[in-house]
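Student: Build the full structure now, drawing on both the sequences and the hints.
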Amino acid sequence: MNLALSEEQEMLKKMASDFLADKLPKATVKEIEESEQGYSPEMWKEMAGLGWMGLAFPEKYGGSDMSFLDLAILIEEMGRACLPGPYFSTVVLSGFTILDIGSEEQKAAYLPKISSGEAIFTLALTEPSASYEQSGIETKASAEGDNYVISGTKLFVPDANVADYMLVAAKTGKGVTLFIVDAKSPGISTTVLKTIANDKLCEVVFDKVKVPKDNILGKPDQGWPEIERIIQRAAVGKCCEMTGCIQQALDMTVEYAKDRKQYGRPIGSFQVIQHYCADMATDVDGTRLSAYQAAWMLSEGLPCTQEVAIAKAWAGEACQRVMALAHQIHGAIGVTIDHDLQYYTRRAKAAEVSFGDAGFHREVVAKEMGL
Amino acid sequence: MDFRLSEEQVKFRQEIRDFLEGEIKQGLWEPSCDAWIMGHDPEFTKRVAKKGWIGLTWPKEYGGQGRSYIDRLILTEEMLRYGAPAACHWFADRQIGGAVVHYGTDQQKKELLPMILKGEAYVGLGMSEPDAGSDLASLKTKATEDGDDFIIDGQKTWTSGGGNMNWIYLVARTDPDAPKHRGISEFFFSTDLPGISVAPIEDITGGVHFNEVFFENVRIPKTALIGERNKGFYQILNQLDYERSGMERLMANYPLFEAVINYSKETKRNGKTLSQNPLVRSKLAQLKIEFEIGRLHMYRVAMVMDEGRAPNWESSMSKIYGTAFEQRLAGAAIEIAGLYGQLSPESKRVPMHGMAYHSYLSSKGYSLQAGSSEVLKNILALRKLEMPSQ
Chain A
45 MNLALSEEQE
55 MLKKMASDFL
65 ADKLPKATVK
75 EIEESEQGYS
85 PEMWKEMAGL
95 GWMGLAFPEK
105 YGGSDMSFLD
115 LAILIEEMGR
125 ACLPGPYFST
135 VVLSGFTILD
145 IGSEEQKAAY
155 LPKISSGEAI
165 FTLALTEPSA
175 SYEQSGIETK
185 ASAEGDNYVI
195 SGTKLFVPDA
205 NVADYMLVAA
215 KTGKGVTLFI
225 VDAKSPGIST
235 TVLKTIANDK
245 LCEVVFDKVK
255 VPKDNILGKP
265 DQGWPEIERI
275 IQRAAVGKCC
285 EMTGCIQQAL
295 DMTVEYAKDR
305 KQYGRPIGSF
315 QVIQHYCADM
325 ATDVDGTRLS
335 AYQAAWMLSE
345 GLPCTQEVAI
355 AKAWAGEACQ
365 RVMALAHQIH
375 GAIGVTIDHD
385 LQYYTRRAKA
395 AEVSFGDAGF
405 HREVVAKEMG
415 L
Chain B
3 MDFRLSEEQV
13 KFRQEIRDFL
23 EGEIKQGLWE
33 PSCDAWIMGH
43 DPEFTKRVAK
53 KGWIGLTWPK
63 EYGGQGRSYI
73 DRLILTEEML
83 RYGAPAACHW
93 FADRQIGGAV
103 VHYGTDQQKK
113 ELLPMILKGE
123 AYVGLGMSEP
133 DAGSDLASLK
143 TKATEDGDDF
153 IIDGQKTWTS
163 GGGNMNWIYL
173 VARTDPDAPK
183 HRGISEFFFS
193 TDLPGISVAP
203 IEDITGGVHF
213 NEVFFENVRI
223 PKTALIGERN
233 KGFYQILNQL
243 DYERSGMERL
253 MANYPLFEAV
263 INYSKETKRN
273 GKTLSQNPLV
283 RSKLAQLKIE
293 FEIGRLHMYR
303 VAMVMDEGRA
313 PNWESSMSKI
323 YGTAFEQRLA
333 GAAIEIAGLY
343 GQLSPESKRV
353 PMHGMAYHSY
363 LSSKGYSLQA
373 GSSEVLKNIL
383 ALRKLEMPSQ
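These protein sequence lines map, in sequence, to chains A and B. First residue of the first sequence? That's 45 in my numbering, and the numbers climb one at a time after it. First residue of the second sequence? That's 3 in my numbering, and the numbers climb one at a time after it.
Treat the hints as calculated values from the structure; they're not laboratory data. From the three backbone atoms N, C-alpha and C, an ideal C-beta is built for every residue, glycine too. Take these hints with a grain of salt, some might be off.
[Claimed, not checked] In the DSSO-like style, the derived pairs of lysine-lysine whose C-alpha atoms are separated by at most 27 Å in a straight line are: (1) K120(B) <-> K52(B); (2) K254(A) <-> K228(A); (3) K58(A) <-> K267(B); (4) K411(A) <-> K270(B); (5) K151(A) <-> K263(A); (6) K350(B) <-> K366(B); (7) K267(B) <-> K411(A); (8) K263(A) <-> K157(A); (9) K274(B) <-> K120(B); (10) K62(B) <-> K27(B); (11) K305(A) <-> K386(B); (12) K411(A) <-> K274(B); (13) K302(A) <-> K386(B); (14) K215(A) <-> K411(A); (15) K224(B) <-> K112(B); (16) K157(A) <-> K67(A); (17) K67(A) <-> K89(A); (18) K257(A) <-> K238(A); (19) K57(A) <-> K215(A); (20) K386(B) <-> K57(A); (21) K70(A) <-> K305(A).
[Stated by the list, open to error] Quick partial rundown of chain A residues pointing at chain B, CB under 7 Å, derived from the structure: (22) N46; (23) Q150; (24) A153; (25) Y307; (26) A325; (27) T326; (28) G330; (29) V409; (30) M413.
Tutor: If you want it as structure tokens, here you go:
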């Protein structure tokens, strides 16, 4: 057992952190958040140039053949920097799914496009039921000749406004099937939702959208187990992002407490503030340890249902405790719109409810415990 | 990064489990919470010593096994999981032996380590005093030089293991004129001496594991001094990092955790098992989540030690976390049992062998001993986060 990063991983972390510090000051985050697209095409190209999109994909698909664990390190840095945009949707939600269950033709057709930054993908899974259970899927796909016809409403679809392709989960004869859908297909209409993280979650209505049968991803009717794996990967990815988010919130808070003086001394010298910070650090480390344990297990292909659920249930609530104390210590300046802290506060809340909140994952743990 | 145990470690864990299960099957002892500190069983300790499981991490030249801290964590984890009565050797193995290895003279190593390895040193920890708790450096017990001896006078309190000890680890003032942190020394000596008296303190569970110990004109040889004279406080700071590093900080009441899970699966209320009640399910799952997070903290500490670094804030973090977890576990167990939760272990209807009742009360002490959570948070703030002290 050891927790050390390899030399290669240290380099990746440093490269990511330097790049994001340089290219993504909070003024830029704000600009991107407020833009219609919700990402910077220019930075997207640069990220692709750095090999970030294909990081964990095989070389033959334009990737760098690194692992999910390596990706986790990169995602943590993205969380630290509040990177807006469709990276998570394209790589974690979609690219890995295609790699996992796509046919050779599909992998060869789509993964190089992801690696090169040419195509943006997303996953259209959740619906007005707001559920991560199979029973929450009402969208239907019916076979008609060589096509399937998809009708229904998907809700909370990230980055659908800029996606070139969507992986769509729909009810078919005896189960759920995943389809790769061209986002420009007739019958798709997308509306961006206003959200706390100011990210681009969308409502996507499918009105008799025709999809060729060849675009089935994996086996017809048997998509749900893969969707569970998608949720797992996404939950772990979110945990890594949240680790970066609250690590940065803690670092900012400690710095502030060292600088800010009241009663003639830095507030960080008061035990009550010190103890708040100690509590935050303990929550941050618990989040990091469990996130990386889960990421490592996924990376190694080990069964990790329980470890993933533990990590996400923990991270969701730990983030809330950390952000609450970060605000308490920052005082009034922290609740102004011009202060950086609010970016983290908003993102941490969104991440808490994404891909299973603590209640959802506690139930997974309960089942694993045989309760 | 690698979260896997090696094959040898997996085998080692199994070997420990087989040994402990064999002991339980033979009826040699019954698993219980807090047995690491309350369960004095000299015969068990001898059997553990025979396996070579005392001094596991010490260098081979001193009779240890030269094994890793992860190995040792696995050992203590299993001892605690099975609620094994390991109190006779726990302190000697956990911290005194290590201090002797680190600070002892060759002569001390030769004399003391074999005794510890054989499981013959039942150690009491003479640190706190009535006016020196968290502020240990203000202790008053004196060690006055007299020829080849020191004369000890004073009083210790909350002395863990004091009732069963045959050796004591004592911190005393050797230079009354020096600033308080710079006049303290560490001693380790047999308690079979005139002038030492012990008064048990009954804790809120009705049990006795800490004591008052009085020293009146107790003459000890100078060879009892561990490390450098007047540097004791700084040696202690380092030793405490190790004292706080172990699994007992998370798992002292582990047998209760298993018991409350089983109780919830087996106990019906209104025609349904408790484990089917969403609130109970959620509570138990949350405890499991918190337990596993704690376990990662503990393993992190062992990994830091295996890197050759003192866990100088990591063990504080894991101890704060672990002792708070134990308290939540015990509280939740009583709540899940409802009205039954308040029954004392003597009641014939008491659930979970009375472990919830006992553990609820005993867990209050663990966030105090070996560094109160508040002192440990100060350590985290100053050492890890480098916050200003004034």
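Student: Work down the list of hints and note, for each, if the structure agrees.
Tutor: Comparing the hints with the structure gives:
{"no.": "1", "hint": "K120(B) <-> K52(B)", "result": "7 Å, holds"}
{"no.": "2", "hint": "K254(A) <-> K228(A)", "result": "11 Å, holds"}
{"no.": "3", "hint": "K58(A) <-> K267(B)", "result": "49 Å, violated"}
{"no.": "4", "hint": "K411(A) <-> K270(B)", "result": "18 Å, holds"}
{"no.": "5", "hint": "K151(A) <-> K263(A)", "result": "15 Å, holds"}
{"no.": "6", "hint": "K350(B) <-> K366(B)", "result": "25 Å, holds"}
{"no.": "7", "hint": "K267(B) <-> K411(A)", "result": "12 Å, holds"}
{"no.": "8", "hint": "K263(A) <-> K157(A)", "result": "23 Å, holds"}
{"no.": "9", "hint": "K274(B) <-> K120(B)", "result": "52 Å, violated"}
{"no.": "10", "hint": "K62(B) <-> K27(B)", "result": "33 Å, violated"}
{"no.": "11", "hint": "K305(A) <-> K386(B)", "result": "21 Å, holds"}
{"no.": "12", "hint": "K411(A) <-> K274(B)", "result": "16 Å, holds"}
{"no.": "13", "hint": "K302(A) <-> K386(B)", "result": "14 Å, holds"}
{"no.": "14", "hint": "K215(A) <-> K411(A)", "result": "26 Å, holds"}
{"no.": "15", "hint": "K224(B) <-> K112(B)", "result": "16 Å, holds"}
{"no.": "16", "hint": "K157(A) <-> K67(A)", "result": "24 Å, holds"}
{"no.": "17", "hint": "K67(A) <-> K89(A)", "result": "13 Å, holds"}
{"no.": "18", "hint": "K257(A) <-> K238(A)", "result": "34 Å, violated"}
{"no.": "19", "hint": "K57(A) <-> K215(A)", "result": "41 Å, violated"}
{"no.": "20", "hint": "K386(B) <-> K57(A)", "result": "21 Å, holds"}
{"no.": "21", "hint": "K70(A) <-> K305(A)", "result": "25 Å, holds"}
{"no.": "22", "hint": "N46", "result": "6 Å, holds"}
{"no.": "23", "hint": "Q150", "result": "31 Å, violated"}
{"no.": "24", "hint": "A153", "result": "33 Å, violated"}
{"no.": "25", "hint": "Y307", "result": "11 Å, violated"}
{"no.": "26", "hint": "A325", "result": "6 Å, holds"}
{"no.": "27", "hint": "T326", "result": "5 Å, holds"}
{"no.": "28", "hint": "G330", "result": "4 Å, holds"}
{"no.": "29", "hint": "V409", "result": "4 Å, holds"}
{"no.": "30", "hint": "M413", "result": "6 Å, holds"}
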